[in-house]
Amino acid sequence: MRSDVERIAVEAVSYLIAKARGSCVTFTPKRVAQVAGLDTKPVTLSVVKYVLEKMRSRGLISIWDSKRKTRYIVTKDSPLWKIVKAKGEKNSLSDITYIIR
1 MRSDVERIAV EAVSYLIAKA RGSCVTFTPK RVAQVAGLDT KPVTLSVVKY VLEKMRSRGL
61 ISIWDSKRKT RYIVTKDSPL WKIVKAKGEK NSLSDITYII R
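With the numbering used here, the residue at position 98 of the sequence shown is 98, and numbering never jumps.
Watch out, some of these pointers could steer you wrong.
Derived CB-CB ranges, DEER-like [claimed, not checked]:
{"hint": "1", "residue 1": "Y50", "residue 2": "T26", "range": "17 to 27 angstroms"}
{"hint": "2", "residue 1": "A86", "residue 2": "K41", "range": "27 to 37 angstroms"}
{"hint": "3", "residue 1": "R58", "residue 2": "A20", "range": "13 to 23 angstroms"}
{"hint": "4", "residue 1": "R21", "residue 2": "K87", "range": "16 to 26 angstroms"}
{"hint": "5", "residue 1": "K41", "residue 2": "K76", "range": "27 to 37 angstroms"}
{"hint": "6", "residue 1": "P42", "residue 2": "K87", "range": "27 to 37 angstroms"}
{"hint": "7", "residue 1": "K85", "residue 2": "P42", "range": "30 to 40 angstroms"}
{"hint": "8", "residue 1": "K87", "residue 2": "S23", "range": "29 to 39 angstroms"}
{"hint": "9", "residue 1": "S23", "residue 2": "S3", "range": "23 to 33 angstroms"}
{"hint": "10", "residue 1": "K19", "residue 2": "W64", "range": "30 to 40 angstroms"}
{"hint": "11", "residue 1": "K85", "residue 2": "K41", "range": "28 to 38 angstroms"}
Derived pair list, reagent style DSSO-like, types lysine-lysine, alpha-carbon separation capped at 27 angstroms [claimed, not checked]:
{"hint": "12", "residue 1": "K54", "residue 2": "K76"}
{"hint": "13", "residue 1": "K82", "residue 2": "K54"}
{"hint": "14", "residue 1": "K69", "residue 2": "K19"}
{"hint": "15", "residue 1": "K19", "residue 2": "K49"}
{"hint": "16", "residue 1": "K87", "residue 2": "K49"}
{"hint": "17", "residue 1": "K49", "residue 2": "K85"}
{"hint": "18", "residue 1": "K67", "residue 2": "K85"}
{"hint": "19", "residue 1": "K41", "residue 2": "K54"}
{"hint": "20", "residue 1": "K54", "residue 2": "K67"}
{"hint": "21", "residue 1": "K76", "residue 2": "K49"}
{"hint": "22", "residue 1": "K49", "residue 2": "K30"}
{"hint": "23", "residue 1": "K85", "residue 2": "K54"}
{"hint": "24", "residue 1": "K87", "residue 2": "K76"}
{"hint": "25", "residue 1": "K41", "residue 2": "K19"}
In case anyone wonders, no lab produced these hints; they're calculated from the structure.
All C-beta atoms, glycine included, are put in the ideal place defined by N, C-alpha and C.
Please model the entire structure based on the sequences and the hints provided.
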């Protein structure tokens, strides 16, 4: 189950970036789970947060602190943004999953 949730979370982040019309996109683990069609139960959200933290440790996304909760941000300068925008949402998934493993 965990690898499926990881793959689906990466797909959801790629979808958010592909549909972005500005120069950055912000999201929370809950929003990623909602976009992916996953349950928003704490167990699922912790796996999504694990994937996001893995991506953050690799330098693909950053943390944008708001007052109450941590939000993640991907800007146009991020390698992840460049991969998704250059190759499209579906074609970039293999590159991204290879990077975060």
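Status of each hint after checking the structure:
Remark: the range hint 17 to 27 angstroms for Y50 to T26 is upheld by a beta-carbon distance near 19 angstroms. Separated by about 35 angstroms at the C-beta atoms, A86 and K41 satisfy the suggested range of 27 to 37 angstroms. One distance hint, 13 to 23 angstroms for the beta-carbon pair R58 and A20, holds here, with the actual separation near 20 angstroms. The supplied range of 16 to 26 angstroms is met by R21 and K87, whose beta-carbon atoms lie about 18 angstroms from each other.
Look at K41 against K76: about 33 angstroms separates their beta carbons, and that is inside 27 to 37 angstroms. Between P42 and K87 the Cβ separation comes to about 33 angstroms, which falls inside the hinted range of 27 to 37 angstroms. For K85 and P42, the hinted distance range of 30 to 40 angstroms is satisfied, since their beta carbons lie about 33 angstroms from each other. Taking 29 to 39 angstroms as the suggested C-beta distance range, the pair K87 and S23 does not conform, at roughly 19 angstroms.
Evaluation of the 23 to 33 angstroms hint for S23 and S3 yields a pass: the beta carbon distance comes to about 32 angstroms. For K19 and W64, the hinted distance range of 30 to 40 angstroms is not satisfied, since their beta carbons lie about 19 angstroms from each other. At roughly 32 angstroms, the beta carbons of K85 and K41 sit within the given window of 28 to 38 angstroms. Restraint check for K54 and K76: satisfied, since their Cα atoms lie roughly 19 angstroms apart, inside the 27 angstroms limit.
Note on K82 and K54: the hinted pairing holds, with a Cα-Cα distance of about 18 angstroms set against a maximum of 27 angstroms. Proximity of K69 to K19 is assessed by CA-CA distance (about 24 angstroms); at most 27 angstroms being required, the pair is judged to hold. A threshold of 27 angstroms between alpha carbons decides the hint, and for K19 with K49 the separation of about 21 angstroms falls inside it, so the pair holds. Using a Cα cut-off of 27 angstroms, the hinted pair K87 and K49 holds, with the two alpha carbons roughly 25 angstroms apart.
A threshold of 27 angstroms between alpha carbons decides the hint, and for K49 with K85 the separation of about 23 angstroms falls inside it, so the pair holds. In summary, the hint linking K67 to K85 is not supported, as the alpha carbons are separated by about 30 angstroms, beyond the 27 angstroms threshold. Between K41 and K54 the CA atoms are separated by roughly 20 angstroms; this keeps the pair inside 27 angstroms, and the hint holds. Between K54 and K67, the direct Cα distance comes to roughly 23 angstroms. Compliance with the 27 angstroms bound is thereby established for this hinted pair.
For the hint pairing K76 with K49, the CA-to-CA distance comes to about 22 angstroms; that is within 27 angstroms, so the pair holds. The suggested pairing of K49 with K30 holds, with an alpha-carbon distance near 9 angstroms, which does not exceed 27 angstroms. With a CA separation close to 21 angstroms, the supplied pair K85 and K54 stays within the 27 angstroms bound. Between K87 and K76 the CA atoms are separated by roughly 14 angstroms; this keeps the pair inside 27 angstroms, and the hint holds.
Between K41 and K19 the alpha-carbon distance is near 25 angstroms, which keeps this suggested pair within the 27 angstroms criterion.
Of the numbered hints listed earlier, those contradicted by the structure are 8, 10 and 18.
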